[in-house]
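Chemist: Here is what each chain is made of, one letter per residue.
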Amino acid sequence: MTRECTLQQLADLVGGSVVGDPHLPVRALNGIEHAGPGEITFVLDVRQLPLPAHCQAVACIVPRDAGPMTLPTIVTPQPSVAAAQIHTFLLSTPFAAQGIHPSAIIGNDCTIPAAVSIGPLVSLGDGVVLGERVTIHPGAVIGNHTVIGDDSILHARVVVAERCTIGKRVILHHGAVIGSDGFGFATDSRGQHYKKPQVGTVRIDDDVEIGANSCVDRAAFGVTWIKSGARIDNLVMVGHNVVVGENSILVAQAGIAGSTTLGRNVVLGAKAGVAGHLHLGDQVMAAAMSGIHNNQPAGARIGGAPAFEVRSWGRATAAFTRLPEMAKELRRLRKEVDRLTGLLGSTEHEKGTEA
Amino acid sequence: MTRECTLQQLADLVGGSVVGDPHLPVRALNGIEHAGPGEITFVLDVRQLPLPAHCQAVACIVPRDAGPMTLPTIVTPQPSVAAAQIHTFLLSTPFAAQGIHPSAIIGNDCTIPAAVSIGPLVSLGDGVVLGERVTIHPGAVIGNHTVIGDDSILHARVVVAERCTIGKRVILHHGAVIGSDGFGFATDSRGQHYKKPQVGTVRIDDDVEIGANSCVDRAAFGVTWIKSGARIDNLVMVGHNVVVGENSILVAQAGIAGSTTLGRNVVLGAKAGVAGHLHLGDQVMAAAMSGIHNNQPAGARIGGAPAFEVRSWGRATAAFTRLPEMAKELRRLRKEVDRLTGLLGSTEHEKGTEA
Amino acid sequence: MTRECTLQQLADLVGGSVVGDPHLPVRALNGIEHAGPGEITFVLDVRQLPLPAHCQAVACIVPRDAGPMTLPTIVTPQPSVAAAQIHTFLLSTPFAAQGIHPSAIIGNDCTIPAAVSIGPLVSLGDGVVLGERVTIHPGAVIGNHTVIGDDSILHARVVVAERCTIGKRVILHHGAVIGSDGFGFATDSRGQHYKKPQVGTVRIDDDVEIGANSCVDRAAFGVTWIKSGARIDNLVMVGHNVVVGENSILVAQAGIAGSTTLGRNVVLGAKAGVAGHLHLGDQVMAAAMSGIHNNQPAGARIGGAPAFEVRSWGRATAAFTRLPEMAKELRRLRKEVDRLTGLLGSTEHEKGTEA
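Protein chains in written order, with numbering that gives the first Met the number 0: chain A, 0 to 354; chain B, 0 to 354; chain C, 0 to 354.
One or more of the hints may lead you astray.
[Said to hold, decoys possible] Below, in silico cross-link-like pairs of lysine-lysine (DSS-like), each with a Cα-Cα straight-line distance of 27 Å or less:
{"hint": "1", "chain 1": "C", "residue 1": "Lys194", "chain 2": "B", "residue 2": "Lys167"}
{"hint": "2", "chain 1": "A", "residue 1": "Lys334", "chain 2": "B", "residue 2": "Lys167"}
{"hint": "3", "chain 1": "C", "residue 1": "Lys334", "chain 2": "A", "residue 2": "Lys327"}
[As the list claims (entries may be wrong)] Restraint ranges, calculated between C-beta atoms of paired labels, are given here:
{"hint": "4", "chain 1": "A", "residue 1": "Arg300", "chain 2": "B", "residue 2": "Asn294", "range": "46 to 56 Å"}
{"hint": "5", "chain 1": "B", "residue 1": "Ala52", "chain 2": "C", "residue 2": "Phe94", "range": "46 to 56 Å"}
{"hint": "6", "chain 1": "A", "residue 1": "His276", "chain 2": "C", "residue 2": "Thr87", "range": "37 to 47 Å"}
{"hint": "7", "chain 1": "A", "residue 1": "His276", "chain 2": "B", "residue 2": "Ala317", "range": "45 to 55 Å"}
{"hint": "8", "chain 1": "A", "residue 1": "Arg331", "chain 2": "B", "residue 2": "Asp337", "range": "40 to 50 Å"}
{"hint": "9", "chain 1": "C", "residue 1": "Ala52", "chain 2": "A", "residue 2": "Gly190", "range": "48 to 58 Å"}
{"hint": "10", "chain 1": "A", "residue 1": "Asn294", "chain 2": "C", "residue 2": "Ala297", "range": "33 to 43 Å"}
{"hint": "11", "chain 1": "B", "residue 1": "Arg310", "chain 2": "A", "residue 2": "Gln55", "range": "41 to 51 Å"}
{"hint": "12", "chain 1": "B", "residue 1": "Asn294", "chain 2": "C", "residue 2": "Arg46", "range": "47 to 57 Å"}
{"hint": "13", "chain 1": "B", "residue 1": "Arg310", "chain 2": "A", "residue 2": "Asn294", "range": "37 to 47 Å"}
{"hint": "14", "chain 1": "A", "residue 1": "His53", "chain 2": "C", "residue 2": "Asn293", "range": "33 to 43 Å"}
{"hint": "15", "chain 1": "C", "residue 1": "Arg300", "chain 2": "A", "residue 2": "Ser91", "range": "23 to 33 Å"}
It is worth saying that the hints were derived from the structure and are not from the lab. Positions of the beta carbon are idealized from the N, C-alpha and C atoms, including for glycine.
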C-alpha cells in the first residue's frame with residue numbers, strides 16, 4: 000500500500016529542488032534495477048547518469064543538477080538521505096489499531112491504550128505500560144512492569160524482560176532479547192562461581208532499532224542504556240551496564256563487554272568486540288573484527304585485534320602478508336653481515352683497532 | 000523408531016557391494032563406540048580396522064575391500080556419504096500428519112493441505128501457503144503471504160516473516176529468523192540516521208538447512224537468496240540482498256554483509272566474515288575467522304583478517320609468533336651494520352671514495 | 000522483595016567477621032553508587048576506602064580490617080564472593096508455585112509436581128519430566144521426553160528440544176536453544192551434501208547457566224555435555240559432542256566446534272573460537288577473539304588466532320604495530336649491506352680473498 004504524490008511535494012519533503020515537471024505523479028521509490036512506471040529512483044553520484052535504458056523510473060533523486068537529463072529530477076545534496084525519507088513517506092500509512100488478539104495473555108494492572116495492535120500469542124506480564132500505537136507481533140513476551148513508548152514496534156518473538164523501559168518509535172526485530180541477566184560471577188579460591196544477582200534494568204531511548212536475535216543485558220546495578228537514534232544490527236551482544244551513545248551504530252555480531260561506554264555516533268564494524276570498562280569517545284570508528292582493549296579518544300579510527308590506528312593497521316596488515324619473505328631476508332642479511340664482520344674483523348685486526 | 004533391512008538392500012541403496020552375508024539383517028546405524036547388536040557402523044579409512052573388540056556392530060561400511068574381516072562389510076568409495084544415506088534411510092518413517100493443533104492461530108486465506116503437522120502455539124499470518132507434509136513445531140511464527148514448500152520442517156520458535164518463499168525439504172532450526180529487516184540507513188551531515196525501508200524479501204531454495212538462532216535479512220529491494228542445498232549453521236548472519244550459492248556451507252557464527260554473492264560450494268569457516276558488495280567464486284574456502292575484504296576467484300583458499308591465500312597466511316602466522324625475535328635481530332643487525340659502516344667509512348676515506 | 004538480617008548473620012553466612020555493631024540491621028546489598036539507607040555495599044580493595052561521602056550504605060564488606068572506619072564492616076578475604084552470596088541471600092524468597100497457566104500446552108504422560116510455575120503459552124511435549132520448583136517462563140518450548148531438574152529456571156522463549164536432560168538449579172536465559180541438530184554432513188564427489196542424522200542428545204549438569212540466544216547442539220551419537228557449574232554467556236555456540244568441563248566459563252559469542260572437550264575451569268574469552276576434535280586441559284585461559292587450532296595443556300594461557308602463549312602473543316602484537324617500520328628498516332639495511340659488500344668486495348679483491 001502506497002500513497003501518490005507530485006514530484007514537487009517530495010522535493011519539499013526533503014528540501015530539494017525540482018528540475019523538470021513538478022506535477023509529475025510519483026507513487027513509489029525503487030532501486031534502479033527494480034523501478035517500474037510511476038516510481039522514482041536515486042543515484043549517489045551524477046556519474047551514474049544517464050540511467051540505463053531499461054530503467055523505467057519516471058524520476059530520479061540526484062546530488063546536483065546534472066544538466067540535460069531524459070527524466071525529471073529532485074536535486075538535493077544528500078540523495079541517499081532524501082531517498083530514505085521519500086521512501087518511508089511513500090510507504091507510510093496511518094496506524095490501524097487491531098486491538099488485542101484473543102489469544103494474547105495480558106497480566107494484571109497493565110495500562111494499554113485503545114490504539115494498539117497486540118498480535119496472537121503475545122504474553123504481557125503484570126503492570127506493563129504501553130504507549131499509543133504500539134505494535135507487538137506474534138509470540139513476543141513482555142515482562143512485569145516494563146514500559147513501551149508510543150509508536151514502537153516489537154517484532155515476532157521479541158523478549159523484553161521485567162522492569163525495562165523502551166522509548167518511542169523503537170523497533171525491536173524478531174527474536175531480540177532485552178533485559179536478560181548480565182554475565183556476572185564471583186569466583187572463590189577453589190574455582191567455584193557465585194552468581195551476582197543482576198538487579199538493574201535496561202533503558203532504550205527513542206528511535207533506537209535493535210536487530211534480530213540481538214541481546215542487551217540488564218545492569219548488575221543501575222541501567223544498561225541505549226541512547227536515542229542508536230542502530231544495532233543482528234546478533235549483537237551488549238553487556239550489562241554498557242552505555243551506547245546517541246546515533247551509534249553496532250554492525251552485526253559486534254559485542255560490547257560490561258560497563259563500557261560509547262559516545263555519540265560511534266561505529267563498530269561487524270564482529271568488532273570491545274572489552275569491558277572502557278570508553279570510546281564520540282565518532283570513534285572501528286573496522287570490522289576489531290578487538291578494542293583500550294580507551295579511544297573522540298574521532299579515533301581503528302582496526303585490528305588488538306586495535307590501533309586504522310591506517311597504520313592497514314599498512315601493518317599489508318606488511319604481514321610479506322612477513323615470511325621478511326624473515327628470509329633477515330636471515331640472508333644476518334649471513335652477509337656475519338661474513339662482512341668476519342672480513343672486517345681481520346681488516347680491523349690488520350689496522351689494530353678494537354671492535 | 001527404525002526399519003530393518005538386509006545388508007544387500009543397504010548396499011544397493013548406496014551403490015556399494017557386500018562382502019559377507021548379504022542377508023544379514025540391519026536395523027540401525029551407529030558410531031563405533033555406540034553400536035549395539037543389529038547395528039551397522041562405518042570407517043573412513045581401512046587403517047581404522049579391525050574394529051575394537053568391544054564394538055558390537057554386526058557390519059561395517061568401508062572405503063575398500065579390506066581383506067579378511069571379522070564381520071560383513073559394504074564397500075563403497077565414500078563411506079561417510081553412504082553412512083549418512085543409510086542412517087537417514089533406516090531412521091525414516093512415513094509422514095504422519097498430526098493436523099493443526101487447536102492452540103495454533105491461523106490467519107485468513109491460508110492454503111493448508113490436509114497432510115501437515117502444525118504444533119501448539121504456532122502463529123500463521125494471512126495468506127500463508129503450506130506445501131504437502133510441512134511440519135511446523137511449537138511457537139513458530141509465519142508472516143503474511145509466506146510460502147513454505149513440501150516436506151519442509153520448521154523447528155520450534157522459528158520466525159519466517161512476511162512474503163518470504165521457502166522451498167521443499169528445507170529445515171529451519173530452532174529460533175532461526177528469516178526475513179528480518181536488512182540493516183540499512185542513510186546518515187545526514189549531522190550524523191542522524193534515516194531508516195531505508197526494506198521492502199524486498201527472502202527466497203530459500205530446496206534442501207537448504209539453516210541453523211538455530213541464525214538470521215537471514217530480507218532484501219532492501221529484490222531478494223536475499225539462499226540457493227538449493229546450502230547448509231547454514233547456528234548463529235550465522237546473512238545480510239540483505241546476499242546470494243548464497245548452491246551447496247555452500249556457512250559454519251557457525253559466520254556473517255555476510257549486504258549484497259555480497261557467493262558461488263556454488265563456497266565454504267565459510269566458523270566466525271568468518273565477508274564484507275559487503277563482494278563476490279566469492281565457486282568453491283572458495285575461507286578458514287575459520289577469516290575477514291574477507293576483496294572479491295575472490297573461484298577455488299581460492301584463503302585465511303586471515305584481512306584474508307589472503309591460505310598457505311601464505313599459514314606461513315605468515317608462523318612467522319608472526321617469531322616477530323619479537325625478528326625485531327630484536329633487526330636491531331642487532333642495525334648496530335652491526337652501523338659499526339661496519341663506521342669502519343668502512345674510514346676505510347673508504349682512506350681510499351678516497353664517497354659514500 | 001527482600002529479607003532483613005543483622006550484620007552478624009550475614010558475616011556468619013560467608014564465614015567473615017564483624018567490625019562494628021553486629022546487631023546492625025541490613026535489608027539489601029547495593030553498589031557503592033546506588034546504596035541507600037539500610038543497605039550494605041562492598042569494596043574489593045581497602046584502597047577504595049573510605050567510601051565517598053555521598054554513599055549512604057550502612058555497612059561494607061571489606062577484604063581485611065581497614066582500621067578505624069566510619070561504618071561497620073564484614074571482613075572476609077574474598078569480598079566479591081561474599082557480596083554475591085549475601086546479595087543472593089537477601090534477595091531470595093521461598094518458591095511460590097504458580098501452577099500451570101491455563102494457556103500452557105502440556106503433552107501426554109508428563110510428570111509435573113504440584114510445586115512448579117509454568118507460565119503462559121509454554122509448550123511441553125510428551126513424556127516431559129519436571130523436578131520440584133521448576134519455573135518455566137512464557138513462550139518456552141520443551142520437547143518430548145526431556146527432563147528438567149529441581150529448582151531450574153527456564154526464561155522466556157527458551158527451547159529445550161527432545162530427549163535432553165537438564166540438571167538442578169540450572170538457569171537457561173531467554174531464547175537459548177538446547178538440543179538443536181549438530182552441523183553434520185557428508186559431501187560426495189560432486190559437492191552434494193547428505194545430512195548426518197543427529198540422534199544424540201544434550202546433558203546439562205547442575206548449577207549451569209546458559210545465556211540468552213546461545214545454542215547447544217545435540218550430539219551426532221552420544222551426548223553433548225555441559226558439566227556442573229559451567230557458565231555460558233549470550234550468543235555462544237556449543238557444537239555437537241562437545242564436553243564443557245566443570246566451572247568452565249564461555250564468554251559472549253564464543254564458539255566450540257564439534258567433539259572438542261574442555262577440562263575444568265577453562266575460560267574462553269569473548270568471541271574466542273575452538274576448532275573441532277581438540278582438548279583444552281583444566282584451567283586453560285584463552286583471550287577474547289582467540290582462534291584455537293591445537294590441543295592445549297592444563298593451565299595454558301593463550302591468545303591470538305591462531306592462538307599461542309599469551310605473553311608471546313602480547314609481544315608479537317606489540318611488534319606488529321611496528322611492522323611497516325621494520326619492513327622499511329629491512330630495506331635500508333639491505334641497501335647498506337649491499338653497499339658494504341660492494342666496498343668490501345673490492346677490498347677483498349685487493350686482498351685477494353674470495354667472496
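Chemist: Each of the hints needs a verdict: does it hold here or not?
Modeler: Each hint tested on the structure:
no.: 1; hint: Lys194(C) x Lys167(B); result: 15 Å, holds
no.: 2; hint: Lys334(A) x Lys167(B); result: 66 Å, violated
no.: 3; hint: Lys334(C) x Lys327(A); result: 16 Å, holds
no.: 4; hint: Arg300(A) x Asn294(B): 46 to 56 Å; result: 24 Å, violated
no.: 5; hint: Ala52(B) x Phe94(C): 46 to 56 Å; result: 51 Å, holds
no.: 6; hint: His276(A) x Thr87(C): 37 to 47 Å; result: 23 Å, violated
no.: 7; hint: His276(A) x Ala317(B): 45 to 55 Å; result: 34 Å, violated
no.: 8; hint: Arg331(A) x Asp337(B): 40 to 50 Å; result: 19 Å, violated
no.: 9; hint: Ala52(C) x Gly190(A): 48 to 58 Å; result: 38 Å, violated
no.: 10; hint: Asn294(A) x Ala297(C): 33 to 43 Å; result: 34 Å, holds
no.: 11; hint: Arg310(B) x Gln55(A): 41 to 51 Å; result: 49 Å, holds
no.: 12; hint: Asn294(B) x Arg46(C): 47 to 57 Å; result: 55 Å, holds
no.: 13; hint: Arg310(B) x Asn294(A): 37 to 47 Å; result: 38 Å, holds
no.: 14; hint: His53(A) x Asn293(C): 33 to 43 Å; result: 55 Å, violated
no.: 15; hint: Arg300(C) x Ser91(A): 23 to 33 Å; result: 55 Å, violated
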